[in-house]
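Participant: Here is how the chains run, residue by residue.
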Amino acid sequence: MEYTLLLLILPLFSFLVLGLLGNYMKPKVAGFIGTLSLVGITIVSYFTAYNYFAAGRNADGVFPTLIPYNWEWLPFGKLSIDMGVMLDPISVMMLVVISTISLMVHIYSLGYMKGETGFQRYYAFISLFTMSMLGLVVATNIFQMYIFWELVGVSSYLLIGFYYTKPAAIAASKKAFIVTRFADLGFLIGILIYGFYVGTFSFTPDTARLISAGAMIPLALSLMFVGGAGKSAMFPLHIWLPDAMEGPTPVSALIHAATMVVAGVFLVARMFPLFIDFAPEVLPWIAYIGAFTALYAAAVACVQSDIKRVLAFSTISQIGFMMVALGVSTSIDPNNGGLGYMASMFHLFTHAMFKALLFLGAGSIIHAVHSNEMSAMGGLRRYMPVTHITFLIACLAIAGIWPLSGFFSKDEILAACFNFNPLMGWTMTAIAGMTAFYMFRLYYCIFWGKENKELHEAHTPKESPLSMTLPLIILAAITCVAGFIPFGKFVSSNGTAYHIHIDATTAAISLVVAVCSIALATLVYARSKQPIADTLATRFAGLHKAAYNRFYIDKVWIFITKQIIFRCISTPIAWFDKHIIDGFFNMCGKCTAYLSKKIKWLQDSHIQHYCIWFLAGTVLLTIILLIF
Amino acid sequence: MCNILILFVVIPLVMMLGLWASRSLCQVKVVMVSGASLLLALSIYIVFNYIGLRNAGNDAEMLYTSSIMWYEPLNICFSLGVDGISVVMILLSSIIVFTGVFASWRLKPMTKEYFLWYTLLTVGVYGFFISIDLFTMFMFYEVALIPMFLLIGVWGSGRKEYSAMKLTLMLMGGSALILIGILSIYYGAGASTMNITELSQIEIPTNIQHTFFPLLFLGFGILGALFPFHTWSPDGHASAPTAVSMLHAGVLMKLGGYGCFRIAMYLMPEGLAMWGEVFLILTTISVVYGAFSACVQTDLKYINAYSSVSHCGLVLFALLMMTRTSCTGAIMQMLSHGLMTALFFALIGMMYGRTHTRDIREMSGLMKIMPCLAVCYVIAGLANLGLPGFSGFAAEMTIFVGSFENTDTFHRVCTIIATCSIVITAVYILRTVGKFLYGEVNNPEFLQLTDASWDEKVAVFTLIVCVAGLGLAPLWASDLISTSVEPIISQFIK
Chain A
1 MEYTLLLLIL PLFSFLVLGL LGNYMKPKVA GFIGTLSLVG ITIVSYFTAY NYFAAGRNAD
61 GVFPTLIPYN WEWLPFGKLS IDMGVMLDPI SVMMLVVIST ISLMVHIYSL GYMKGETGFQ
121 RYYAFISLFT MSMLGLVVAT NIFQMYIFWE LVGVSSYLLI GFYYTKPAAI AASKKAFIVT
181 RFADLGFLIG ILIYGFYVGT FSFTPDTARL ISAGAMIPLA LSLMFVGGAG KSAMFPLHIW
241 LPDAMEGPTP VSALIHAATM VVAGVFLVAR MFPLFIDFAP EVLPWIAYIG AFTALYAAAV
301 ACVQSDIKRV LAFSTISQIG FMMVALGVST SIDPNNGGLG YMASMFHLFT HAMFKALLFL
361 GAGSIIHAVH SNEMSAMGGL RRYMPVTHIT FLIACLAIAG IWPLSGFFSK DEILAACFNF
421 NPLMGWTMTA IAGMTAFYMF RLYYCIFWGK ENKELHEAHT PKESPLSMTL PLIILAAITC
481 VAGFIPFGKF VSSNGTAYHI HIDATTAAIS LVVAVCSIAL ATLVYARSKQ PIADTLATRF
541 AGLHKAAYNR FYIDKVWIFI TKQIIFRCIS TPIAWFDKHI IDGFFNMCGK CTAYLSKKIK
601 WLQDSHIQHY CIWFLAGTVL LTIILLIF
Chain B
1 MCNILILFVV IPLVMMLGLW ASRSLCQVKV VMVSGASLLL ALSIYIVFNY IGLRNAGNDA
61 EMLYTSSIMW YEPLNICFSL GVDGISVVMI LLSSIIVFTG VFASWRLKPM TKEYFLWYTL
121 LTVGVYGFFI SIDLFTMFMF YEVALIPMFL LIGVWGSGRK EYSAMKLTLM LMGGSALILI
181 GILSIYYGAG ASTMNITELS QIEIPTNIQH TFFPLLFLGF GILGALFPFH TWSPDGHASA
241 PTAVSMLHAG VLMKLGGYGC FRIAMYLMPE GLAMWGEVFL ILTTISVVYG AFSACVQTDL
301 KYINAYSSVS HCGLVLFALL MMTRTSCTGA IMQMLSHGLM TALFFALIGM MYGRTHTRDI
361 REMSGLMKIM PCLAVCYVIA GLANLGLPGF SGFAAEMTIF VGSFENTDTF HRVCTIIATC
421 SIVITAVYIL RTVGKFLYGE VNNPEFLQLT DASWDEKVAV FTLIVCVAGL GLAPLWASDL
481 ISTSVEPIIS QFIK
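Residue numbers (my numbering), protein chains in the order written: chain A, 1 to 628; chain B, 1 to 494.
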């Protein structure tokens with residue numbers, strides 16, 4: 001498995017080449033180099049996955065954890081940060097997801113980004129991102145994960161801010177970085193606590209040390225979850241993700257839908273054995289936060305008018321599903337309470353595919369109509385048949401219609417939730433229904449509904465070039481078949497093979513709910529006039545406005561940063577520094593100057609005065625001497 | 001006397017002679033470049049030779065030691081010697097002197113005189129790092145201070161007279177405290193030697209340590225921009241010419257941390273035990289206070305100066321955490337901050353030379369006009385906010401992991417407060433970058449400006465390579481430093 005190092009070297013190499021020499025090459029050449037290196041990476045990861053799973057299980061029925069590389073990068077006395085490559089079922093699964101999506105995005109961008117200034121820079125940044133993301137999932141220890149975690153954060157910053165002359169993009173990139181950095185502070189402190197009490201940064205520490213650490217382990221794991229919540233846009237740290245849509249659309253597909261935003265889920269999954277054994281009381285909270293996030297985001301997604309925002313909130317909601325699935329796991333055994341882990345990873349996998357497809361489809365639409373707003377669309381099915389069909393497949397998948405992949409993974413999640421407790425099960429089923437509703441609202445508003453004739457006559461939308469439709473077709477094909485992958489055979493909470501069986505009741509409930517929601521959406525949005533929607537929006541104007549404004553959570557954050565940090569902390573500190581501290585030292589200087597001014601008449605450079613003083617002094621001294 | 005270290009003082013002196021004899025600008029530059037390159041080559045050689053000697057099993061505390069009596073009645077010797085800490089400091093100084101020469105390539109007027117003072121400054125800096133005699137160190141320290149006054153006062157910008165005066169007076173105040181501290185050590189240890197390694201063997205009476213430790217620590221702390229004595233630094237840096245800002249923030253401020261560690265903490269462990277927590281509070285304030293102050297500044301140099309207060313505060317903070325890892329981190333942070341801040345000041349100087357303003361509200365969209373400088377600025381910013389792959393990350397993580405080893409609750413609380421600085425750093429760096437590099441060009445006059453010239457590229461690229469090199473492969477520096485930290489911290493860790 002030594003060749004796995006290529007997974008990091010190839011993208012690093014293409015990043016350096018494109019970053020340093022990009023300006024000296026033609027855009028086409030740069031795109032070609034980037035895509036070629038990604039083809040290499042994809043081949044290597046598929047080869048790795050094949051070899052890994054084909055090599056079979058250990059005697060105890062578990063896939064082995066392989067560490068082909070591990071170097072000491074920076075020692076700290078007893079602790080040390082290592083760098084290496086670790087392969088286990090979830091990291092291999094992630095390799096496949098990342099390389100597939102990244103390759104699709106690389107190909108897609110050849111068409112989508114054609115003619116943009118900074119084309120070379122774009123490819124350099126997505127190479128950097130791919131390297132960091134691959135490094136994150138193959139990390140051998142939590143600190144290496146943190147390092148690459150920061151690197152994906154910065155790649156995301158650079159790509160969101162790709163159009164660096166646009167004020168909205170600048171603000172969005174800044175916000176994304178700072179909010180996730182804030183969450184990473186929790187992650188870092190969690191790592192420090194973990195490292196100190198457990199004596200290692202590795203994922204498989206000594207059990208005796210873990211037991212003796214006591215209450216510190218739940219604390220450390222909770223803090224790490226804060227970091228994960230920041231990256232994975234859990235409420236209330238989700239605010240950066242909708243704004244991050246300011247980046248180029250393929251970037252949203254790659255980073256903000258399929259790979260980076262699920263890093264938090266991956267982190268929890270990675271620490272899952274520790275959560276189960278040493279912090280079981282934290283897991284339900286993860287489930288509650290995930291469920292609330294899913295509900296909140298689904299509610300907001302129902303009323304947004306920017307198609308990328310709808311998809312962004314849908315992503316947040318779906319990641320909530322994955323978190324819930326992890327949180328409702330109550331044991332390590334998949335047959336007895338541990339189903340959620342497998343369901344979460346399965347959903348991560350299928351969601352990455354269909355959400356990337358949705359985003360790339362949205363990119364194709366935006367490419368055609370030059371706007372993100374639904375009002376510029378409508379009736380596009382006639383102009384863009386390929387985009388239409390693939391988008392429909394993705395919508396059906398996310399709504400959970402058999403036999404598309406989303407059905408299978410969502411069904412497992414709902415089954416896990418019903419196992420945990422019925423309330424959670426019904427809540428998540430309801431949210432799944434909302435998902436189907438807002439996705440079909442989106443679908444109808446884009447492809448059916450009221451067409452913006454004026455705009456379309458002035459500028460007829462047309463189907464995107466092959467470089468863009470090919471990835472859509474491939475991803476749609478994957479979405480159609482991915483559900484039949486016997487996922488439990490590869491990934492499960494304790495590593496043993498788990499046979500996925502569809503629970504008929506849950507499946508029936510979720511299917512009925514999904515079909516009803518789609519029907520409702522059809523009723524409301526499919527026609528060119530939408531009286532029901534308009535009536536509802538005016539009837540519940542307050543609610544509609546609140547949801548449209550994302551329930552004003554952003555306002556709270558703006559208040560915290562602008563008013564509290566800048567106005568109430570930084571400005572007074574700067575004032576204090578300038579007037580009190582500086583003032584004090586200036587005052588010392590002034591006092592000295594004042595004093596010397598006061599006594600300088602003694603030294604007025606007139607010899608006569610000096611003589612008088614000299615004489616007077618002598619006389620005075622003589623008198624004193626004579627007296628005493 | 002046959003000691004390679006003496007070359008670090010001799011070469012700059014020879015350079016000064018050469019400068020004095022130079023008749024044209026070209027000759028001045030030849031002297032400076034050849035001298036600075038020679039110094040750089042020599043320090044790289046010293047680093048490798050030092051590592052070689054250590055690997056060969058030489059475990060003396062100081063290597064390349066030699067000593068000649070200078071003034072018998074007070075036992076003042078010219079004693080030289082280096083350990084891992086001074087070696088990396090020498091390397092840092094050489095890199096910055098070298099890049100500083102290129103950063104002041106087009107400086108006018110009185111180029112020759114400028115470089116004369118600049119070289120004298122380097123004499124002081126090198127002298128301080130290579131000597132292990134208290135008095136000699138103090139002397140070199142003073143040598144470094146005086147040229148600063150002239151360099152800022154004559155070649156500076158803005159309120160240069162005020163800043164030069166403020167900086168020099170405050171640092172002179174600090175050096176008065178240092179002198180008192182040094183004398184107390186000398187007499188406390190029985191007035192027999194000024195050599196640091198010998199002094200470390202002698203127990204200085206506890207009451208003397210308790211009384212004089214704060215003076216000595218404060219004296220060096222002022223130079224290390226310890227709150228509330230940091231106020232010389234923003235004004236001083238803002239007014240100083242580019243290369244002087246680089247050298248000052250990059251190296252001179254490190255003299256403070258170095259002195260605190262090598263003299264105050266090493267020789268007065270009892271004093272440290274008594275006063276450590278008081279100073280820890282001040283340094284923790286420095287770290288957070290500097291970062292928050294930087295958030296609302298509008299002058300690029302002020303932003304960077306407050307950022308330096310925060311990062312240099314972290315150096316002293318880590319030293320006061322008193323674990324082996326945190327002290328190693330402190331020295332790494334000195335190295336890393338020296339390189340990063342020099343890079344910043346170099347870039348700011350270059351941009352200021354073009355736009356004639358440092359106010360971020362008056363600039364916008366410089367990325368379009370001078371992409372090379374702007375990209376380098378973004379890289380410097382990312383390095384400064386502790387992005388993995390750059391030196392800042394390795395240093396800060398060593399500090400935080402090391403600080404966490406101190407299990408005392410009070411120290412823990414301070415550690416957690418200090419870690420918050422990583423978020424605030426991100427806030428001010430991204431705010432700055434977003435304001436003046438990104439966006440549309442707002443001033444049509446800027447459209448005629450040019451990108452970096454070759455000499456500027458030499459300076460900037462050298463620093464970026466160093467920052468990235470240290471960040472990607474921190475192992476060698478960490479190894480080099482931690483072995484030398486050992487004898488010092490064994491004094492105060494029971």
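Simulated from the structure, these hints should not be mistaken for lab results. These numbers were taken from a predicted model, which means no experiment stands behind them. It is possible that part of the hints are untrue.
Unchecked claim - Here are the in silico distance ranges between beta carbons for each label pair: (1) A/SER375 to B/CYS372: 36 to 44 Å; (2) B/ASN442 to A/THR117: 48 to 56 Å; (3) A/TYR288 to B/ARG412: 23 to 31 Å; (4) A/ARG539 to B/CYS372: 53 to 61 Å; (5) A/ALA171 to B/ALA473: 54 to 62 Å; (6) A/VAL29 to B/ALA60: 50 to 58 Å; (7) B/ALA473 to A/ILE502: 46 to 54 Å; (8) B/PHE492 to A/TRP575: 35 to 43 Å; (9) B/LEU74 to A/ALA593: 34 to 42 Å; (10) A/TRP575 to B/VAL278: 19 to 27 Å; (11) A/ILE581 to B/LEU74: 36 to 44 Å; (12) A/PHE559 to B/ARG159: 49 to 57 Å.
What the hints assert, rightly or not - Residues from chain B that face chain A, not an exhaustive set, calculated with beta carbons under 7 Å: (13) GLY434; (14) PRO474; (15) TRP476.
Glycine included, C-beta positions come from ideal geometry on N, C-alpha and C.
Participant: Just pull the numbers of the violated hints for me, sorted ascending.
Facilitator: Hint check: 2, 5, 12, 15 fail, others pass.
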